[in-house]
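Spelled out from the first residue to the last, the chains are:
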Amino acid sequence: MKISNKFLFAVFLTGFSIYLVFALNPEGASRILLNLLTFAGIYGLSAIGLNVHFGWTGLLNFGHASFMGVGAYVTLILMPHAAGREGEITSTGLPFIVALIIGILSAALFGLLLGLPAIRLRGDYLAIVTIAAAEIFRLLVRDLESITGGVYGIINYTENLQQYRPNFINNFSESLGFSPSQAWVCLVAWVSILFTVLFLKRLNNSPWGRALRAVREDEDAVRAMGKNAVWLKLQSFMLGAGIAGLSGVLLAFNYGSLETTVFVPLLTFYVWAIMILGGVGTITGPIFGSIIFWVIISETDRLAFILFENANGQQLAGVRFLLVGLLIMALMIFRPSGLLGKKEELLLDVK
Amino acid sequence: MSNSLIEVNNLKKTFGGLTAVDIKQLGFNKGQLTSIIGPNGAGKTTFFDLISGFQNSDSGDIHLKNKDISNFQPYKIARMGMVRTFQLTKVFDRMTVLENLLFSGSEISNDSLFKSVIKSKSQKKYEENLKDKAKNIMEDLNILHMADSYARELSGGQKKLLELARSIINEPEILLLDEPLAGVNPKLAEEILSLIKKLSNEGITILMVEHNIEAVMKISERIVVLAEGSLIADGNPNEIRTDRNVIEAYLGKDND
Ligand SMILES: Nc1ncnc2c1ncn2[C@@H]1O[C@H](COP(=O)(O)OP(=O)(O)OP(=O)(O)O)[C@@H](O)[C@H]1O
Ligand SMILES: [Mg+2]
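Respectively, the protein sequence lines represent chains A and B. Residue numbers for the first sequence follow the numbering used here, so the first one is 188 and each next one is one higher. Residue numbers for the second sequence follow the numbering used here, so the first one is 31 and each next one is one higher.
It is worth saying that the hints were derived from the structure and are not from the lab. Treat the hints loosely; a few may be bogus.
[Unchecked claim] When the alpha-carbon atoms are kept at most 30 Å apart in a straight line, the in silico DSBU-like pairs for lysine-lysine are as follows:
id, chain 1, residue 1, chain 2, residue 2
1, B, 120, A, 530
2, B, 120, A, 529
3, B, 228, A, 529
4, B, 163, A, 388
With the hints as extra help, turn the sequences into a complete structure.
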């Protein structure tokens, strides 16, 4: 494999971001880094799924949070957990792996159900429908208190994953001052990314991947060649939704409790930002995009504080968002097609 | 039932108050090269859209090989062996010329997600054969040197060639060509024309919409003339050349 300059630059920028974490935080840098890498892994995985939708197939999905949500809720509800106002405890349930698989399949099924009526719509209409569907999902979950715990959420489920935590994580975490349970979630997230990337690499160069790209380029021409564009789009929707479902489960395990507010539209927009930063249509781009994005998100308050030592909290929050915007803008001006995206395939010119 | 390969009866399509297509009866025989001509807005493209399933008619029926295809999806009609090109060329811009052909040539079963995950030996072999087939076609059409260029980098004429190459890779029975010579330089037009002639000689039934009357007269066995959605003349090139209705339709409107 030949290593491109683009790739080296992405690695360099990612490395530099991580260095910044140490430079800006004289104390506790490694704990901050672990937290950031865990979020980066989970969101990166989600962005990889979104890239199957948008980057490969050209589907404008603005309801990605709902796929993550379906995965998370179905998986947690199937396992031992506690939910609701009184925290009613359900002590029986499926083992983690089985629940996870059903959760992922449910997210894919949700993609299918949402896609069946919506996917025939032209790009921008699909965007509107997916935004709406995601909000409906979230409100539904909030109101179905007897199952989902409603606004009180779900708790007491983390053991389902933590019971498999290997010993070396404990030893390693102790010496570095990490939370071992987060270190375990982080590891699982990055292993999931590894397998997802390998799987997608296999598909990208396959006749199926080629067919998705053809759909992205021109659906009418796909139909004229005797191919069922709707079915291809549905398959893409299911695959991306399934990947999002997995990342949703990991997100739940990174938090100790799951609430509907996790799946607000902002989550979807973060995932979009990560995908665009990393490179639309690429497979590994979102990984780099995600780390850099999370360094920006988590370190800008620190940076704001250093820049404006005398500002109050409210002013700092403002400066922070300004910095987030400016940094992402600067990156996009510098790299319009994202870190790993190809100039020739610049995909932001949506039809 | 008639013995036409394609036949339409009482086919009507309106857009608001405008009648785009209104044809009582029209059939096309196997193996013939027919041109469809008529002034701008005559309904030629709409006629193609109707018979290839890209638009639904208001009324009337369409038969392909004696099968009613009036409500068929475009991909089903294409799979029955009738493949179309578009007036506004549609290529897969951000895919290479080779990929454009491979996608178009690949069978549905070869595109399956499952097979693409498994990556069996038989799929690899199929892909290799497909690549050879694509290379042969590119060679025939003089676009082999651009195999690895993105389709968006091609000139307008080259895109027309690519679209044509894509349409024939699966050896269709019927080709619907919507203005294959539009915007193509005279030399390339000559090449495309002889390619169409060659395909016709190989037995493919061809319907061609084209404004280049000289070319139409030269290669067509039959010419069908539409004006304002209706059929106004139908015959061999000599008959059409002298047809009063045709002359009126062309001279009555400000047209090439
Ligand atoms: N989608 C549409 N909506 C509204 N009107 C349409 C639509 N498609 C076509 N028309 C109208 O129908 C008529 C026939 O159009 P069509 O494109 O079939 O003509 P054509 O014979 O192919 O013309 P040209 O030679 O210019 O390509 C025109 O008046 C056109 O404006
Ligand atoms: Mg036309």
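Checked hints:
1. For a cut-off of 30 Å, the pair hint linking residue 120/B to residue 530/A stands: about 21 Å separates their Cα positions.
2. For the suggested pair residue 120/B and residue 529/A, the alpha carbons sit about 22 Å apart, so the restraint of at most 30 Å is met.
3. In summary, the hint linking residue 228/B to residue 529/A is not supported, as the alpha carbons are separated by about 39 Å, beyond the 30 Å threshold.
4. A threshold of 30 Å between alpha carbons decides the hint, and for residue 163/B with residue 388/A the separation of about 26 Å falls inside it, so the pair holds.
The structure fails to meet hint 3 from the earlier list, while all remaining hints are met.
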